[in-house]
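Add chain B to chain A, keeping to what the hints say.
There are 2 protein chains.
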Amino acid sequence: MTELGDRVLAGERRALARAITLVESQRSDHRQQATALLEHVASKGRQALRIGLSGTPGVGKSTFIESFGMMLTAQGLRVAVLAVDPSSTRSGGSILGDKTRMDRLSRDPNAFIRPSPSQTHLGGVARRSREAVALCEGAGFDVVLVETVGVGQSETVVAEMSDLFLLLLAPAGGDELQGVKRGIMEMADVILVNKADGDLKPAAMRTCSDYAGALRLLRKRPQDPKGFPKAMMVSAIEENGLTEAWAEMQALVDWRKETGHWDARRAAQAEYWFHEDVRQGVLAQLQKGEVRQQMVRLGTLVADGVVTPSAAAREMLEQHLHR
Amino acid sequence: MTELGDRVLAGERRALARAITLVESQRSDHRQQATALLEHVASKGRQALRIGLSGTPGVGKSTFIESFGMMLTAQGLRVAVLAVDPSSTRSGGSILGDKTRMDRLSRDPNAFIRPSPSQTHLGGVARRSREAVALCEGAGFDVVLVETVGVGQSETVVAEMSDLFLLLLAPAGGDELQGVKRGIMEMADVILVNKADGDLKPAAMRTCSDYAGALRLLRKRPQDPKGFPKAMMVSAIEENGLTEAWAEMQALVDWRKETGHWDARRAAQAEYWFHEDVRQGVLAQLQKGEVRQQMVRLGTLVADGVVTPSAAAREMLEQHLHR
Numbered sequence: 001m002t003e004l005g006d007r008v009l010a011g012e013r014r015a016l017a018r019a020i021t022l023v024e025s026q027r028s029d030h031r032q033q034a035t036a037l038l039e040h041v042a043s044k045g046r047q048a049l050r051i052g053l054s055g056t057p058g059v060g061k062s063t064f065i066e067s068f069g070m071m072l073t074a075q076g077l078r079v080a081v082l083a084v085d086p087s088s089t090r091s092g093g094s095i096l097g098d099k100t101r102m103d104r105l106s107r108d109p110n111a112f113i114r115p116s117p118s119q120t121h122l123g124g125v126a127r128r129s130r131e132a133v134a135l136c137e138g139a140g141f142d143v144v145l146v147e148t149v150g151v152g153q154s155e156t157v158v159a160e161m162s163d164l165f166l167l168l169l170a171p172a173g174g175d176e177l178q179g180v181k182r183g184i185m186e187m188a189d190v191i192l193v194n195k196a197d198g199d200l201k202p203a204a205m206r207t208c209s210d211y212a213g214a215l216r217l218l219r220k221r222p223q224d225p226k227g228f229p230k231a232m233m234v235s236a237i238e239e240n241g242l243t244e245a246w247a248e249m250q251a252l253v254d255w256r257k258e259t260g261h262w263d264a265r266r267a268a269q270a271e272y273w274f275h276e277d278v279r280q281g282v283l284a285q286l287q288k289g290e291v292r293q294q295m296v297r298l299g300t301l302v303a304d305g306v307v308t309p310s311a312a313a314r315e316m317l318e319q320h321l322h323r
Numbered sequence: 001m002t003e004l005g006d007r008v009l010a011g012e013r014r015a016l017a018r019a020i021t022l023v024e025s026q027r028s029d030h031r032q033q034a035t036a037l038l039e040h041v042a043s044k045g046r047q048a049l050r051i052g053l054s055g056t057p058g059v060g061k062s063t064f065i066e067s068f069g070m071m072l073t074a075q076g077l078r079v080a081v082l083a084v085d086p087s088s089t090r091s092g093g094s095i096l097g098d099k100t101r102m103d104r105l106s107r108d109p110n111a112f113i114r115p116s117p118s119q120t121h122l123g124g125v126a127r128r129s130r131e132a133v134a135l136c137e138g139a140g141f142d143v144v145l146v147e148t149v150g151v152g153q154s155e156t157v158v159a160e161m162s163d164l165f166l167l168l169l170a171p172a173g174g175d176e177l178q179g180v181k182r183g184i185m186e187m188a189d190v191i192l193v194n195k196a197d198g199d200l201k202p203a204a205m206r207t208c209s210d211y212a213g214a215l216r217l218l219r220k221r222p223q224d225p226k227g228f229p230k231a232m233m234v235s236a237i238e239e240n241g242l243t244e245a246w247a248e249m250q251a252l253v254d255w256r257k258e259t260g261h262w263d264a265r266r267a268a269q270a271e272y273w274f275h276e277d278v279r280q281g282v283l284a285q286l287q288k289g290e291v292r293q294q295m296v297r298l299g300t301l302v303a304d305g306v307v308t309p310s311a312a313a314r315e316m317l318e319q320h321l322h323r
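So the sequences go chain by chain: A and B. Numbers 1 to 323, taken from full-length UniProt numbering, label the letters of the first sequence in order. Numbers 1 to 323, taken from full-length UniProt numbering, label the letters of the second sequence in order.
You may find that some hints are simply not true.
Identical chains blur together in the list; that is why a pair holds if it fits in one copy or across any two.
Straight-line alpha carbon distances no greater than 27 Å define the calculated DSS-like cross-link-like pairs of lysine-lysine that follow [unchecked claim]: (1) K201 / K220; (2) K220 / K44; (3) K288 / K257; (4) K230 / K201.
Calculated from the structure, these hints are not laboratory results. Computed from a predicted model, the values in this text were never measured in an experiment.
Chain A with its partners taken away, still in its complex shape:
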């Protein structure tokens, strides 16, 4: 894997694509190679700015990624775009479709777009996406955008592999306010209200002010300087507000680097993923063969009130795990 690793480190796009395919593979010999490859690529210690991005379908996520990404590459920065999408059926709003719609960005030599591996559970997608991010960092990208469509816990997973977390929203009309999944505001460093253009501009201003108010109601986090997290307006289609948003992100990054929050978060995330990988490996035992069948059978009895959760758990642990 040293040769492939060297080619990734040299920034070869095809090598990077192959390397990501390798970490996505479920075959155990591939897994072994992937671990060695990651070790090799990590040895350089390169860091990108990893930006997590969440937003429900319809908020203009692909347009935003294209405009924002083009603005960054125009500044000479190299940008990778990855997606974390644990849903098995990929909708039209997914990044796979986006690759065609992110027409300009996908043809930009300084950009690299990679769809999420599909049809697998979140734990697996999470690890593979996090490893793909590490490969992009090794390949010398300056910014790695990790997009998620906000299915289940995918935002948490993306936040754990990001230095910054953006929440993209669309303007809401009057009383009929859009539903932000609870708990997502928890992770946002910057909320961007998109489509602040034309007829939607007044609604965008109102939405932005509503969310700025909601953010003030939340507890202050130690990793935030004064004024953060913040809500801002952008128009991806008119390319307005993007440089302002980027300036705010850079200010936040600078502050976190100066105060040590950046390094602390990186270290904590690495340790988190180590523990998470071990936990996933251990819990995977429960998904196999006979053990799995027994879990399903007992789970039904518990839900029906036939057995208490405690008694059923005791039975499982005694039968299958105290070896």
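Coordinates of chain B only, in the frame set by chain A:
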């Protein structure tokens, strides 16, 4: 355990206290007895209304529990109060201190107050509290209030053992708005702004209206009828708004029972706790002896960037778990 179980089912307070002590014990012979006891007590299928309550110190939680509890017992209802507090050092605002401060309620023959077991990790507190709730249900209590001080993930745990979740807040002054931990609003069925009395009443109205607005920004949940989750004002000290709040809770409960959401939630929670108990049992392997030492050692290397998370996890799983 049949005799103790029968005495719990007969509603004997001392038997209930002893039974809770038994489920709190970490001794493995006690655990076996506790499992049998829970099985016996569950056989009657009794259900209380389990109300989770969260609020940071200073919001008047003990005063609220006392006033609200007294209102319920005055209606002839039997009320149990439990606490989930995973912090090892118990502060003055804890329920242990509250037992003295909840002076009237603790002397009420229709009330039962039990402090949280202290100095243990959340997973352990969670299971034991959930089992204490089941014992109180078996003992024929009509309402079981489960209080948490909001440390870490304790709200999630309390929500998983509750039919309703209340968030208690104090009025905020002007711009200096109080910090609600992100993600807690996610779980609230009713937000109660306490201290809506005297000089604080205008601030309480403003806070209530702010949170009502914030709740409208969140996504609608299937288990909520129109108008829920909602924010209301109460004054625990003047005993105002309590019957109104109770009426809203009952309306919500009735709706959920009619629509099947009550039973579905109960079944899902039971299955959740079964899976959780098994997962905890499996993960407990990582906390033992040599395995634990190895986790700490490798975790430090990962945080320092010496080893990648993937490689360290692979080493752990190969050495200790593929037996």
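Each hint tested on the structure:
{"no.": "1", "hint": "K201 / K220", "in the structure": "between (29 Å within a copy, 25 Å between copies)"}
{"no.": "2", "hint": "K220 / K44", "in the structure": "neither (35 Å within a copy, 47 Å between copies)"}
{"no.": "3", "hint": "K288 / K257", "in the structure": "neither (44 Å within a copy, 36 Å between copies)"}
{"no.": "4", "hint": "K230 / K201", "in the structure": "within (18 Å within a copy, 30 Å between copies)"}
Hints 2, 3, counting from the list given before, are not met by this structure.
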